[in-house]
Amino acid sequence: MENKKRRGDWSSIVRLLKFMWQDYKWVLLVSAVLIVISALATVNLTSSIRSLVDNFVQPMLQTGSSDFGPLRDFLLGLALFCLVGIIANYGFSIMMATISQDALRSLRNQLFERMQKLPVKYFDTHPHGDIMSIYTNDIDALRQAIEHSIPQLFSSAISIIGVTVSMLVVSPLLFLVVAVMLAIMVWVIKTVSSKSGRYFGEQQKNLGIENGFIEEMMSGQKVIKAFVHEAASIEAFDQINEQLFQSSYLANRFSSVLMPILGNLGNVSFVLTSIAGGFMALNGVGGLTIGGLMSFLQLNRSFIGPIAQVSQQLNFVLMASAGADRIFNLLDEEPEANQGKITLVNVEEVDGKLVVTDQKTNRWAWKHPRPQGQYELVPLVGNVVFNNVDFSYDGKKQILHDIQLYADKGQKVAFVGATGAGKTTITNLINRFYDVQSGSITYDDIDVKLIDKDSLRKSLGIVLQDTHLFTGTIAENIAYGRQEASREEILEAARIANVDSFVKHLDQGYETMLTDDGAGLSNGQRQLIAIARAALADAPVLILDEATSSIDSRTEKMVQEGLDRLMAGRTVFVIAHRLSTIVNSDVIMVMDHGRIIERGNHASLMAERGTYYRLYTGGLEID
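For the sequence shown, my numbering gives the first residue as 320, with consecutive numbering after it.
None of these hints come from the bench; they were simulated from the model. All the pointers check out, no bait thrown in.
So the derived label-pair ranges between C-beta atoms look like this: (1) Q802 <-> G671: 28 to 38 Å; (2) Q420 <-> N706: 45 to 55 Å; (3) F556 <-> V333: 30 to 40 Å; (4) Q802 <-> T455: 25 to 35 Å.
Just so it is clear, CB atoms sit at the ideal spot from N, CA and C, and this is done for glycine as well.
Construct all of the structure, not just a fragment, from the sequences and the given hints.
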């Protein structure tokens, strides 16, 4: 998936934080307070070394006092503050874990909701495995960032501020040494992180590509083995995996060297601070005491630790930023356009007038909105007309050229022609999976662009060549045709489609569970279920996209019987590979390279002795 923003831009992380703030502001505020308490507890523990040495240990050693009461009280107070810090740390950890899981649940819901609203074109142009990677890898990267990295960055920032203030209080002069080393560390972090951030983005992208390839190979295992394509598949995967390796290697190489570099710079800072601080304490420069030096050196250690934590967690945040880019890019995809206001409704006749009803009446009408909340009901007929339609999928290569056709109610219109002639494209346009660039398509004299897409598609039944069955029972798969259908209606649709012919032999009947796209069924059985779906939908217009091309001749007879029952009284568009199935069509369109080159019924086209005649007699093959 192409990234729409510049690498290294933190806008996605900012957007993520705004998203969380909307729903969890009070929990986040409480968590922030707890993080501050936890961080300051650690800083206070380190700073207390100065008071411990200068106010208690040294005086007791000098006077030989054995009164440990004040020291005990001091240590008890310190322990109490540490306990508060531990409780605060535990509290914000639990809160952030809860917030992260709830926020990611919400994001997944929004992703899926947006995905269902995207046009078919999006799924035609984006690998499915890459989309799946957004739900898995990218979401998990966000989980790591929300639950651990961002809170740790905030905690480290508070610690750095607290330690800085404490060091300035102890010895502003000695802090100059630390400031110089800090400037060097910041430069190193900025330089290395900019490189690792770019490669982390590439890593997430390449991970999506690899997931898409693996999914494709899993789906096509039969084809791979049938054509002995294993070696070539391995070679292709090796190339994709190499790309992932290179981006991951570079990302982690830069992120991995950061900690050792900072660790060594921290050691240098400690040594320089020790030398300078020892000289100052022994000579009384700047009022630095032995206790102050011990406290400052420990604060220096505590200063380096949070900086190292920042550098480490920064890598996870950069990875999350790359994942957030992909997540928000999907959420920002334009949903399928739907400006249609005309809807399809069930109607019944009352006193000679059509009225809208919620009951299934098998009578449909187009509901045209009118001013002042009025509407007009126009009976659905099922007349479809293409007026000089031109179409291109990508705006470059023309697929359809000046298509002119009409189908009246009850007519059977067939399309024949070679692969790539534009037959399926016509059915895609009727469903408005894509919109035409020029010309128009009308349905009962209504431009399909004016019809609400859900209503348009409810009026169209479709049986595809490649049937997709979902995990669930046979009855549930048939019910995809109309979700509110009763059990009796499902069984009736199954009878019409001849599904009974094989279901009666199954132990569980219609409750037989289907998995893996109906792997236990033959192509013909799967197709019969698809026909049953269309029968259950009971739409006035039916589209059959090579519904019998992938089944054997014996099964075809059974499927064709189901189709004949389904087509009765409906306007039907048929894409046919086997010409024997369309000889009874009212109109046959012969297509070639996106143009209709012949049209007529079987008899008239045979009499012309043109392309159709050659196809039918075997003089020309449909490839």
